[in-house]
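Using the sequences provided together with the hints, build the complete structure.
Chains as they are written, first to last, in this note's numbering: chain A, 1 to 346; chain B, 347 to 692; chain C, 693 to 1038.
Take the hints with a grain of salt, since some may be wrong.
As the list claims (entries may be wrong) - Covered stretches of chain C, going by a simulated chain B footprint (3 or more residues, C-beta under 8 Å):
| # | region |
| --- | --- |
| 1 | 759-767 |
| 2 | 783-795 |
| 3 | 867-877 |
| 4 | 898-908 |
| 5 | 941-947 |
Said to hold, decoys possible - No farther apart than 27 Å at their CA atoms in a straight line, the calculated lysine-lysine pairs in the DSSO-like style are these:
| # | chain 1 | residue 1 | chain 2 | residue 2 |
| --- | --- | --- | --- | --- |
| 6 | B | Lys-646 | C | Lys-1010 |
| 7 | A | Lys-287 | A | Lys-314 |
| 8 | C | Lys-1017 | A | Lys-335 |
What the hints contain is simulated information worked out from the structure, not anything from laboratory work. This one's a predicted model, so the numbers in the text were calculated from it and none came from an experiment. For each residue, glycine too, the CB sits at the ideal point set by N, CA and C.
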Amino acid sequence: MEFSIGEVAALLGGTVQGDSSQKVNTLAKIQEAEKGSIAFLSNLKYEQYLYSTNASAVIVAKDFTPKEPVTASLILVEDPYTSFTVLLEQYQRMRLMAKVGVEEPAYLGKGSQVGEGVYRAAFSYIGNNVKIGNNVKIHAHVSIGDNCTVGDNTILYAGVKIYADCVIGQHCTLHSGVVIGSDGFGFAPQPDGSYKAIPQVGNVIIEDNVDIGANTVIDCATMGSTIIRKGVKLDNLIQIAHNVEIGSNTVIAAQTGISGSAVIGENCVIAGQVGIVGHINLIKGTKIGAQSGVSKSPEKENMAIQGSPAFDYKANLKSGVIFRKLPELQERVAKLEEKVINLSQS
Amino acid sequence: MEFSIGEVAALLGGTVQGDSSQKVNTLAKIQEAEKGSIAFLSNLKYEQYLYSTNASAVIVAKDFTPKEPVTASLILVEDPYTSFTVLLEQYQRMRLMAKVGVEEPAYLGKGSQVGEGVYRAAFSYIGNNVKIGNNVKIHAHVSIGDNCTVGDNTILYAGVKIYADCVIGQHCTLHSGVVIGSDGFGFAPQPDGSYKAIPQVGNVIIEDNVDIGANTVIDCATMGSTIIRKGVKLDNLIQIAHNVEIGSNTVIAAQTGISGSAVIGENCVIAGQVGIVGHINLIKGTKIGAQSGVSKSPEKENMAIQGSPAFDYKANLKSGVIFRKLPELQERVAKLEEKVINLSQS
Amino acid sequence: MEFSIGEVAALLGGTVQGDSSQKVNTLAKIQEAEKGSIAFLSNLKYEQYLYSTNASAVIVAKDFTPKEPVTASLILVEDPYTSFTVLLEQYQRMRLMAKVGVEEPAYLGKGSQVGEGVYRAAFSYIGNNVKIGNNVKIHAHVSIGDNCTVGDNTILYAGVKIYADCVIGQHCTLHSGVVIGSDGFGFAPQPDGSYKAIPQVGNVIIEDNVDIGANTVIDCATMGSTIIRKGVKLDNLIQIAHNVEIGSNTVIAAQTGISGSAVIGENCVIAGQVGIVGHINLIKGTKIGAQSGVSKSPEKENMAIQGSPAFDYKANLKSGVIFRKLPELQERVAKLEEKVINLSQS
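The structure is reproduced here in structure tokens:
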């Protein structure tokens, strides 16, 4: 996608100083920008870069006056940072929504319905009786099992795998390698020491506005549904086990694992590499530090916890400081023992 | 798949009270069941749900008499829980085995043999000289490298990747995104600080009745084989390094990592996010708590260990309790020091 | 690939004792070797296996004389270990580079260029305006987004996913399920408690000689580039967040996670399941023990750290030893308290 600097200025309601006919096709930081990109200058501590940048255009405040010659064209606006953000979002939306239509070969099963404005890449696979909403983007090597539903404006990046019977909401983004609906990890021990798989016949329901990072896995429920509520944001390589429910607007960082049947409250913030035990009911607003192991919910909302096993964040920090000095503490105890023996003998 | 309630009752050797011609197509918990599903009532503390459920049929004990009117048809059997389990397994098997035949385009390399009752989805890829047993289910975007063997009744879900020369047993289930046979992580340091890859020319052997969770990775051996013995159950996002051997009927939960050349005994139970050091020989029956880091095997079988580094489970719990109170313990030591000084001066 | 023992000996500049016309097609350890394979004997503590091995040929030192009859042919060379290594590397290279040409159907977008000696498997997907160098191997279900570049001699195993605008160097190996360029995990909190995705418009740059393990994920930069410098070796299931930079020849083991905007120095060695905080500047040559949580760089180069939170490796070990004995330490403190009370009352 290419635009002239003049077109960009018009979009932002700004004016151009310099050549407005030049073409731009990307956005960049002023200190890294190459020819063909637009940068912005808001915080004046970066002003020096304006005079050496390779950007084709720089968005500046309309009352800004350069102190040295500038090769880039300037786009003058009220608030450069806000304008740049508008541009970023517009650019992102255009990139994401640009692809439309079907590249052959793409597979579409029997009885499946596809909305308008949909992109189906070559080698994308849609099973039987699937419903695909409008403007859904289905990239290469996506596989959607029988009887699934995918809501409007959802993006499925290359290699997303959705098992049969799952429901994906609107305005969701699933990144490459995401797996939705794989079997829960349930096995019944047999008398001979072997294990027999417990049938997993439930599904996964993903509500609207959910983002799921690359190679994250969400298992189906044993029966019923594993549920990811609206607005949840999941990072990469996360494990969500069977029958978990994650409350709306909860954010979870990479490589965290949630065990079976855990119920995670709304608006929790969970850092990376955390492990959460099964069947827990984690109270809303809980904040969990990285690498924590959580086996018990805080009693009150909005508490911060840390450690494996996790407890109050600050108390954990204090214990951690003493842990480092354990050799010293042990030494102090040894000295005390010596002194007390001496005292008792004196 | 749809059945009449009468057909289901016949399968279970039960009798129907109510409309036996209605169609059912899924199984559900009595408190969550929708129209078209079969539920069961075994524990009478759930009896209340019988009178409000939307299930089309409920399996009950043949000596059970409802106290209120019931809209669902009843299927009367000897033992409702066992009957429901039978139904679940039957349903699961039918779902898993329903797909047969080839969807085009599917790729089949030279010299490869495919058994009977096999499903090869569109965009599935089978290399050269591969042997596929009977009733194998190969879903979309599965890739099977040259010279591999896949045993009877094994299911490869969408996006499974198997490198050349690997052997997969019978009755195995590999979930989406599983990678089998990627290079072991072996690099020889060079004088200039760079690393040179050590050739990895071995393979992976997966014996019968092994389940492998989504996005789990099993590296090939440097030479020889990485071996997963019969009946092993692996959860999602697990890392199995080169030349590892996992003993039969060992169960490993999500996000655990096993380092190179580790030998894991039979019937171990390893929780999630555990790390196991390379070249260890972990004794059979060991139980390892979540997030543990294991660098040494217990000396006796069937021990439970915990912690990073891991040691006896109960001892670790005790140390963990004191860890939380370290500030208090430090305070006690400080007070003692003060008192001892006072005593020695008195 | 099959060779006669005579051809192998010629390659190694060695001579054959026994049948030089027999065919061999793989390499193995002497104690595990089957018919058709070549083994070697360097360390004489393995000599016993020479007399029972099923190998078709064994590479031995030219001054070696067997004490018992040997069924295998012998290849006599100066240094058996070195010769075997040469053979391994040659074998590996031939295996990796054997596939050439296009298997149909393979997708190639508009304006894309493909070099010589390239392999494009069935169901491989190359978007628009992509540049593929010479001898690149693109296995099944690889997806390469628009405007990407892939350097000469790079191998992309089955199911690698590369988002648009990324740059992959020469002599790289990306294993199955690797995701390059997925969105960074950045969300701006909104007044109603929900989150809004921050546009991620940067890319990923992978320099030359980088190896990336299966199912590892590298997110794109918010703006600019996430950069993996030359010679970096990444194991499986690793998370590299947006805007990270990893210095050349740094090695990272499986399941480690690097948070956003972290800069990792050259020649670091990072063990498995480590977590590294965002925006850190990790000094070069740092060695990090398994399962560590790193929130601060050592001040000096080439230090070893361990623990969560991580500090000096040896100091951590010492504290860990005392952690195990905390109940005993607590008991000692309790006894001291008792004694001190007795003393003060006496």
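Hints versus structure:
Check on the region 759-767 of chain C: 0 of its residues sit with their Cβ under 8 Å from a Cβ of chain B, so the three-residue criterion for coverage is violated. Proximity of the region 783-795 of chain C to chain B, defined as three or more residues with a beta carbon under 8 Å from a beta carbon of that chain, is established by the 4 residues found. Counting residues of the region 867-877 of chain C whose C-beta sits closer than 8 Å to any C-beta of chain B gives 3, which meets the bar of three, so the coverage hint holds. Residue count for the region 898-908 of chain C with a Cβ under 8 Å from a Cβ of chain B: 5. That meets the three needed, and the coverage hint holds.
Against chain B, the region 941-947 of chain C contributes 5 residues with a C-beta closer than 8 Å to a partner C-beta. That satisfies the three-residue criterion, and the hint holds. Restraint check for Lys-646(B) and Lys-1010(C): the C-alpha separation of about 26 Å stays at or below 27 Å, so the hint holds. For the hint linking Lys-287(A) to Lys-314(A), the alpha-carbon distance of about 12 Å falls within 27 Å, and the restraint holds. A distance of roughly 17 Å separates the Cα atoms of Lys-1017(C) and Lys-335(A); the hinted pair therefore holds under the 27 Å criterion.
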